[in-house]
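Q: In case you want the letters, here they are:
There are 2 protein chains.
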Amino acid sequence: MRTHYCGQLSSQTIGQEVTLCGWAHRRRDHGGVIFIDLRDREGLAQVVCDPDRPEMFKVAESIRNEFCLKIVGKVRARPAGSTNANIASGEVEILCQNIEVLNPSVTPPFQLDDENLSENVRLQHRVLDLRRPQMQKNMMLRYKTAMAFRRYLDNAGFIDIETPMLTKSTPEGARDYLVPSRVNAGQFFALPQSPQLFKQLLMIAGFDRYYQITKCFRDEDLRADRQPEFTQVDIETSFLNEAEITGIMENLIRTVFKEAIDVDLPNPFPRISYSEAMQRYGSDKPDLRVTLELTEVTDAVKDVPFKVFANVANSENGRVAALRIPGGNSLTRGEIDAYASFVGIYGAKGLAYIKVNDVTQINESGLQSPIVKNLNEAALKAIIERTGAQSGDLIFFCADKAKVVNDALGALRIKIGHEKGFVNGSAWEPLWVVDFPMFEYDEENKRWAACHHPFTSPKDEHVGLLATDPGKCLAKAYDLAVNGWEMGGGSVRIHRADVQEQVFSALGIDEEEAKIKFGFLLDALKYGAPPHGGIAFGLDRIVTMMTGAESIRDVIAFPKTQRAQCLLTDAPSEVDEKQLRELHIRLRQKVEPQVKA
Amino acid sequence: MRTHYCGQLSSQTIGQEVTLCGWAHRRRDHGGVIFIDLRDREGLAQVVCDPDRPEMFKVAESIRNEFCLKIVGKVRARPAGSTNANIASGEVEILCQNIEVLNPSVTPPFQLDDENLSENVRLQHRVLDLRRPQMQKNMMLRYKTAMAFRRYLDNAGFIDIETPMLTKSTPEGARDYLVPSRVNAGQFFALPQSPQLFKQLLMIAGFDRYYQITKCFRDEDLRADRQPEFTQVDIETSFLNEAEITGIMENLIRTVFKEAIDVDLPNPFPRISYSEAMQRYGSDKPDLRVTLELTEVTDAVKDVPFKVFANVANSENGRVAALRIPGGNSLTRGEIDAYASFVGIYGAKGLAYIKVNDVTQINESGLQSPIVKNLNEAALKAIIERTGAQSGDLIFFCADKAKVVNDALGALRIKIGHEKGFVNGSAWEPLWVVDFPMFEYDEENKRWAACHHPFTSPKDEHVGLLATDPGKCLAKAYDLAVNGWEMGGGSVRIHRADVQEQVFSALGIDEEEAKIKFGFLLDALKYGAPPHGGIAFGLDRIVTMMTGAESIRDVIAFPKTQRAQCLLTDAPSEVDEKQLRELHIRLRQKVEPQVKA
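Protein chains in written order, with the working numbering: chain L, 1 to 597; chain V, 1001 to 1597.
Please note: incorrect hints may appear among the correct ones.
Label-pair ranges, simulated between beta-carbon atoms [to be verified]:
1. Glu-574/L to Asn-1241/V: 48 to 56 Å
2. Val-1183/V to Tyr-441/L: 27 to 35 Å
3. Val-1106/V to Asn-241/L: 24 to 32 Å
4. Val-1106/V to Gly-157/L: 26 to 34 Å
Computed cross-link-like contacts, SDA-like style, restricted to lysine to any residue with a CA-CA straight-line distance of at most 20 Å [what the hints assert, rightly or not]:
5. Lys-517/L to Asp-1498/V
6. Lys-70/L to Arg-1175/V
7. Lys-1517/V to His-584/L
8. Lys-1137/V to Ala-1156/V
9. Lys-302/L to Phe-422/L
10. Lys-578/L to Leu-1587/V
11. Lys-578/L to Gln-1589/V
12. Lys-144/L to Val-1033/V
13. Lys-515/L to Arg-1553/V
14. Lys-1258/V to Asp-154/L
15. Lys-415/L to Lys-302/L
16. Lys-137/L to Ala-1156/V
17. Lys-526/L to Lys-1526/V
18. Lys-517/L to Lys-1137/V
19. Lys-578/L to Asp-1570/V
20. Lys-1526/V to Leu-288/L
21. Lys-1459/V to Met-1/L
22. Lys-1526/V to Val-101/L
23. Lys-1137/V to Asp-160/L
24. Lys-517/L to Gln-1579/V
25. Lys-144/L to Ala-1156/V
26. Lys-578/L to Ala-1156/V
27. Lys-1578/V to Leu-288/L
Hint data in this document are derived by calculation from the structure and do not stem from the laboratory.
Values in this document were obtained by computation on a predicted structure and should not be read as measured data.
Yeah, the Cβ is synthetic: ideal placement off N, Cα and C, and Gly gets one too.
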């Protein structure tokens, strides 16, 4: 029906007769002439309706916002002074010859260019919300990004193989979404939390290089950056080691960023170990745009009179760390109090600090703080030296279990960094975090749990530690973090049945349990499984970062709310008793009709 | 780890030192030398292990089938007379310098080249089954086909937008798979039967051209070509009419066949109306490779003494049709009886026939059949003339409700056509079937039902019939059939709320019901919905046809059985009581542990 998209018109098209299809974005009447901004997915074009064509003009007068129109007209240059540099077709306008109203519209519940809509209103009227130019751009960028992934992987010999959506429930990790089986009474499928096991089976089946852009499901309580269903770029390859896999993957990410948003990411990405990341940034996904760093002082305060520090420093898993804020001496009391309550969110019981008035005097006259008198000179010297503090600086301290200190000071580092401008000016800071521990101790259940997942390979030289000292055992695991977000994570997998059994045993999974849950994997490992490994990237997050959107809901066409509801279609909803009967289930209790949020 | 895939070696590589990774497909010992056929996803390569390298040779001696190996060696020409034209690397072999066993294998439960495996064994050991060269090829072809779809659609300005997997149950059409909601007690999501409504919403949102290769779900009893989850290439576009949409789509299919299997499909595809397809082939997805056709004789037998024909010919929805078999006079009594019981499967109560001994005598001496004496001369003349029968032919007849006649003779046409070689020799016969009726009468529920779905647009000139004579109302619907399989189907959709309401009304869906089920679509149609339409192709079927596989299970990596079970992972399975409690459901009755099929 059309010859051009609105956004394709430019000074190159002047003099051509064009046919456009789209929506009336705005209509203005000015000096007896009607101006219609026509909108389609590629942009806007200004249509001029002169009263000298009375039949056409009569149609133009009837047009309201969001009418769907077909317009025939001639492209001409806009009069001097009325060009619009903000839009692609801003130098031209279309002198209208004919308008056809393809479909009228009732008055929309909101203006499409209203920037202050509540998210609930937007989600209820998602179809109109998606017409907004920003949402059109977001969905286009999402597509462009996904295609950049596909092109790169295709060229590199990866093939997309679909894995099942109706699969087996494994009550490990997150909560499964279940699907009752009609044919097999009393049994349930689960929707996949990830295609992890299937992609390993595909490697064992010899497909060598696999990828899939696929939906994954987790029935967890939702946060701003979580959805019940999310999209993963899932990748696995055989016969490559950790360095080779991460090498291909960072090349992939560089290519995707270049193609999607024309950004040059560094080459190579920096790599730091998990333990260094925790030491320096208190996080396994550090935001390297922030220049502040944590300083280790645990060993320096073991003997100080200040019990809060000394007790922690001498306890198991205790950590005392400092965060130096250059020029922080000028922070107000109010600011410092606000930071103290901020770290409280992460479980920190307090936020000690020292104002460095004069760095040449390592005592109560040079260093201003109620705790200084309880820290001995050696400790103070070590603190000043290691933090590199200068006169005018402020040093924050946190002393607690290492996890609390890392979470609290890690978050404070980001907060102060961005609020006070301690940033390096770089827009994108990717890095690999490597050498993760295999296991972390689950205090609640008094057992070791897998840090990544139970199929992650230990470092070759650490296999012996599986039985003797699992806490010291490092994994061939890697995470890709960008600007403080985890963008992807993966590992080299275990390809030998005997090592897999040792890992299950370290996790306290006995032979029978392993057989029931993962028997098909253990079985497959026996038939010459190749060395293999892979990664999964979160597509929703990557695109959210690229667009600068606040929520992943802005890069998903039809997202769920934080109560896991679709406000557009009103899902989930009640179903017929007959449907439940066919599925051999019943509700636990009669549900009263609810008013939806 | 490798320098080449096995299948990449050729006379071009002679003299090079290569590293290969793969599996021992076969090991032969011959004249003191060990030959290993090494297999990877690209093919086989012959590795020669000479005893003059004792260390390497010792490893070679330990190798059994399916060991995972890394081999270093030098490519050389095979000795004259020992080349193998069946494999890509058949002119060369690798003189082995070093073998590393990356992982040994226990003895597989079957030989990979065993062609007579039961499907159950294959599905239980799917990982080994997928190692078989044919399955590797099938999965590669599936990928190639999907990528050909993506490339074409990408170039044509279509964008892939993901629609939700957790969506709303609409108890229409097939049975939904349900997913209980934990957060919203007593409520359920449904897995999508197709993204139909969402793709229409995306058109209304202005995305103009959409596609998605996505999983769809139907909880129906399974047949050979059905799976609980299947993959659809889903497409929708705005501002195009029926001819334009089918034009783009047949171009797409031509391109996909060319790129995936190097086949040139005809240009353009033939188009016939639904009513002509039923008249001539008794099917709305006729196999045009078969040259036999049905002949209409209903009107010619209205007055014959033979009551079986005359009664049907004078009844509502009755049809009497003939199927001429050239040279069929030579069919044996046994063959004819077998065909008669074959049509019984489709509900036909009998299969009358006339043997044409001498076409110049339109009477009992020229035409041999118990029914001839009960057909008057006018009828016999019409039959001979219309079928174009020659001496030596045989004519089958079926008289019944039109549906039974079409199903029975349509199936018989295919069966005899392929068995007796009445085929045109063409490997691929695509065609469009168009002008479908909007509605078919549902005898059971005494109401009109949608032939396609309730969002299909009627022909512009038939909108008036919606209220007065829905049975006569034709739709802007089109199916693409290839070789007797439905490969895809679609329609121009209704874009005006008033027409949509008239269609609901013809279907007996009242305003309240429509609002509950499709309120969000009706609402969206009010805001300037564009004219739009689309199609969905069945990827599993297309690839099955391309490979010549017997079942779509052969082109799906991890399929379900006809009892909707995954024999590899043992899904579906029982789940913990705790999981059910969290989902606010309970089982109807305690299920006894079952032995799986």
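Q: Go through the numbered hints given earlier and state which of them the structure violates, listing their numbers in rising order.
A: 1, 5, 6, 7, 8, 9, 12, 13, 15, 17, 18, 19, 20, 26, 27
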